[in-house]
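S.K.: Letter by letter, the chains look like this.
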Amino acid sequence: MNTPPIRFHREWLPIFQDRVETDSGWANWDRFQLAIEAAKVTAVPEFDTLLCLDQLQGIEPLPHQIDVTKRVIQEMRGRAILADEVGLGKTIEAGLILKEYLIRGLVQKVLILVPSSLVLQWTRELNQKFQIPAVAQKKAWMWDKYDIVVASMDTAKRDPHREVVLSQPYDLLIVDEAHKLKNRRTKNWQFISEMQKKYCLLLTATPVQNEMEELYNLVSLLKPGQLGNESRFNKDYVAGKRLAKNEDQLRQEISRVLIRNRRKESNLPLTERIVQTIPIELTPEEKALYKGVSNFVRDRYSSANDLKSMLSLLVLQKEVCSSRDAVFLTLFKLFQKGNGEEASIPPEVNHLIQLLRAVTTSSKVEAAVDLISSIDDKVILFTEYRATQEMLMRALASKGIHAVPFRGGFNRNKKDYMMEIFQKRAQVMIATEAGGEGINLQFCHHIINYDMPWNPMRVEQRIGRVHRLGQKNDVHIYNFATIGTIEEHIIWLLHEKIALFESVIGELETILESLEKDTSLEKNLMDIMMKSKTDEEIRNQLSQIGARFQNAKEEHLQERAKKEELLWTK
Amino acid sequence: MDQIALRNFTERYLEANGCRIMESTPSYLHTQLSIEADKDLVNRPYYWMYVEKMNLPANPLQLCFVFDPENPPEDRRAEYLFYGSPRFRQLLRSAQKQGKFVRLYQEPSGWSQFSSQSKGYTPWLSVHYLVSYVCDQKKDRVSSYGINLQTGQIKTDFADELHCFKWTLKLPEKRYTLSPRMTIQEAVGEIEYFLTEELTEEDHEWAEDAHKRLNEELEQVNAYFPDGAKQTDEQKSAKTARQRECIWQYHPRIEVDLVSAGLFYLENGLQNQ
Numbered sequence: 001m002n003t004p005p006i007r008f009h010r011e012w013l014p015i016f017q018d019r020v021e022t023d024s025g026w027a028n029w030d031r032f033q034l035a036i037e038a039a040k041v042t043a044v045p046e047f048d049t050l051l052c053l054d055q056l057q058g059i060e061p062l063p064h065q066i067d068v069t070k071r072v073i074q075e076m077r078g079r080a081i082l083a084d085e086v087g088l089g090k091t092i093e094a095g096l097i098l099k100e101y102l103i104r105g106l107v108q109k110v111l112i113l114v115p116s117s118l119v120l121q122w123t124r125e126l127n128q129k130f131q132i133p134a135v136a137q138k139k140a141w142m143w144d145k146y147d148i149v150v151a152s153m154d155t156a157k158r159d160p161h162r163e164v165v166l167s168q169p170y171d172l173l174i175v176d177e178a179h180k181l182k183n184r185r186t187k188n189w190q191f192i193s194e195m196q197k198k199y200c201l202l203l204t205a206t207p208v209q210n211e212m213e214e215l216y217n218l219v220s221l222l223k224p225g226q227l228g229n230e231s232r233f234n235k236d237y238v239a240g241k242r243l244a245k246n247e248d249q250l251r252q253e254i255s256r257v258l259i260r261n262r263r264k265e266s267n268l269p270l271t272e273r274i275v276q277t278i279p280i281e282l283t284p285e286e287k288a289l290y291k292g293v294s295n296f297v298r299d300r301y302s303s304a305n306d307l308k309s310m311l312s313l314l315v316l317q318k319e320v321c322s323s324r325d326a327v328f329l330t331l332f333k334l335f336q337k338g339n340g341e342e343a344s345i346p347p348e349v350n351h352l353i354q355l356l357r358a359v360t361t362s363s364k365v366e367a368a369v370d371l372i373s374s375i376d377d378k379v380i381l382f383t384e385y386r387a388t389q390e391m392l393m394r395a396l397a398s399k400g401i402h403a404v405p406f407r408g409g410f411n412r413n414k415k416d417y418m419m420e421i422f423q424k425r426a427q428v429m430i431a432t433e434a435g436g437e438g439i440n441l442q443f444c445h446h447i448i449n450y451d452m453p454w455n456p457m458r459v460e461q462r463i464g465r466v467h468r469l470g471q472k473n474d475v476h477i478y479n480f481a482t483i484g485t486i487e488e489h490i491i492w493l494l495h496e497k498i499a500l501f502e503s504v505i506g507e508l509e510t511i512l513e514s515l516e517k518d519t520s521l522e523k524n525l526m527d528i529m530m531k532s533k534t535d536e537e538i539r540n541q542l543s544q545i546g547a548r549f550q551n552a553k554e555e556h557l558q559e560r561a562k563k564e565e566l567l568w569t570k
Numbered sequence: 571m572d573q574i575a576l577r578n579f580t581e582r583y584l585e586a587n588g589c590r591i592m593e594s595t596p597s598y599l600h601t602q603l604s605i606e607a608d609k610d611l612v613n614r615p616y617y618w619m620y621v622e623k624m625n626l627p628a629n630p631l632q633l634c635f636v637f638d639p640e641n642p643p644e645d646r647r648a649e650y651l652f653y654g655s656p657r658f659r660q661l662l663r664s665a666q667k668q669g670k671f672v673r674l675y676q677e678p679s680g681w682s683q684f685s686s687q688s689k690g691y692t693p694w695l696s697v698h699y700l701v702s703y704v705c706d707q708k709k710d711r712v713s714s715y716g717i718n719l720q721t722g723q724i725k726t727d728f729a730d731e732l733h734c735f736k737w738t739l740k741l742p743e744k745r746y747t748l749s750p751r752m753t754i755q756e757a758v759g760e761i762e763y764f765l766t767e768e769l770t771e772e773d774h775e776w777a778e779d780a781h782k783r784l785n786e787e788l789e790q791v792n793a794y795f796p797d798g799a800k801q802t803d804e805q806k807s808a809k810t811a812r813q814r815e816c817i818w819q820y821h822p823r824i825e826v827d828l829v830s831a832g833l834f835y836l837e838n839g840l841q842n843q
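Protein sequence lines, in the order shown, are assigned to chains L and G.
So for the first sequence, this note's numbering puts the first residue at 1; every next one is plus one.
So for the second sequence, this note's numbering puts the first residue at 571; every next one is plus one.
Example chain G residues on the side facing chain L (calculated, C-beta under 8 Å, incomplete):
1) Pro656
2) Gly669
3) Ala777
4) Gly832
Rather than coming from a laboratory, the hints here were simulated on the basis of the structure.
Yeah, the Cβ is synthetic: ideal placement off N, Cα and C, and Gly gets one too.
Hey, can you work out the whole structure from these sequences and the hints?
M.R.: Below is the structure:
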């Protein structure tokens, strides 16, 4: 058997000779022993074991994640599409693979390209969970200076960065949200294709969104030729734009470069969701205010012609279900800007201000305080409005309940600090934002939806902060519904018709997109609320939306099942 | 590496580096670093540059290492030390850096130290190599060799023999060193030759497999890009680049790096065995 080339590194020899000549710089016996022991500890004993698992603290990878790590390194040789469904921990898998390669000394220079909103989150996760010294790219000089850089694709592909990145060979390239590389005629695709890379991981939950060609393009980035050249691929595997042929063989070829785990099969320890609607009866003053504002909005809505004032009205209509303070703030802003002088406040607004003044208590706040006192455990409360948040902070403080605020506008440190206080000391977190990065609240399992976003994605994001991998308890979801208001209808739609709360709807975003082809769901809902004359009419229209949603979902599931067959390889 | 072995290693490292142990409990260890250890374990090169340039009194840090994360000290900052933590990796690196080169004399043992007869010491070169088998995967071994600089005799697992004696930094009384008959460079060449022979005898199925994979990949590349004549310049360079990537990823090779090298002066016996 042929011996592969052997290379002796001799850089040490002149240094050693120098020590002999100058008779200085010698270690003693103990240090000599420590050096050898250290070398033995860091040496890699076998080709195909996983070393990273012994070197990690604070995370316990799930069986499917360990399995992915092994397969990518041992079978796929470090070039793979990680296509687990959302929420199964693709980031963890990529982190494990990176860690393993670092420990083995096979990887030094690493680039991680992610959407710009995720740069900091990725960096933090690699630092904290994996003790990997990754840095977020901020300045041009950082490309050279640091070995492990997290950057946004948009930055990297632009001048002057582009040239630097392309001139540098990377031992490992990781691309998150890699479905953005499905079109080979885009700058993104060409950029990744041009990069010099030894190992490469493409992360995406949706490797085929529409056409067969997308999959071909993704695979060709990793391993050009794995599916033949383009004409070969079309001839062998494509029966129609969205239709495959020779599926068994295609599946086999794909399985050499793509791994997909699905929720259903992964036996994930995901806990139950227990949903409860809390009906709230308004006081007569609150009812009057609600009616006043609704009438005001309705009047203006029919005559509003620009989008901006329509949006303000939409906000106002939602806010009146949240708190008096929120309404006040919006009204104030609306007329401060528009009219400048106090005298010119129109009489109908003045009327609203009268109604606002009459409201001295908040039924919703009282209900929140009562509920939180009865829970005796950590609670996260979501509201859409700053004014409501502040009002709740005050109300809870006056009852001696320790609560912390959380807002999108906080900087990273403040967010971390608030989360830490919530975890260690406070009973309640009052958050105005659910999306964004790095809010993981698995230690809490009570969610109050104090007011309900009209956009199902936002609701799903809220719940997703708490109900995710690592949550050990069943999650209680409390939806506040003020009786006789729009809120009640919205919750009815989301709960009864869309079934948003009970379980994770996979790929909700895609379903909504197909539903929102012409107008956004929110605009649609507003129209219904404004134009319907009776509650019954509202319910009818909402039922229709619900039915359309179910149809879109059904359709989406069917189409996905077809694609899934190709990707499902176990 | 478990926490017991890790603590043992850490304590020995600190001792070998002149660090003071301020407090030691079953769950943690509080230490005053020496200047040398501070430079290796704490990332603050500018501080040290400043102190040295300005001739200021050095102020190395105190660190508190926790080995049992359930029971950290409550009254001070402490860091959890585990296999894989950045600090412990630094510690391993520092240990390797500082113990790389050594020159030691055998301490006279038993009756011989009372003998009035002077004795000659034979010089040996000891080398520890990290031998890495690399393709798209990797494994290492650490191996020890020794060569008698007078006779050229080579021994494997030389370190095991070194462990049989006590060692001192200074040449003991009534001892003198025999002069080597080969240069260090020649001796290293001999060991490299020896190791090459050893490697040639080994089974390199891993390398064959890697070669096979490499060839498969190159075939794919050929199938993917159009044939020579039809190629655009762009395609041509893309093809070359991709071929280079494949070779970079797979081509099997053996890399030999030094762990430590030492001159050992031994009484006798060894060369006669």
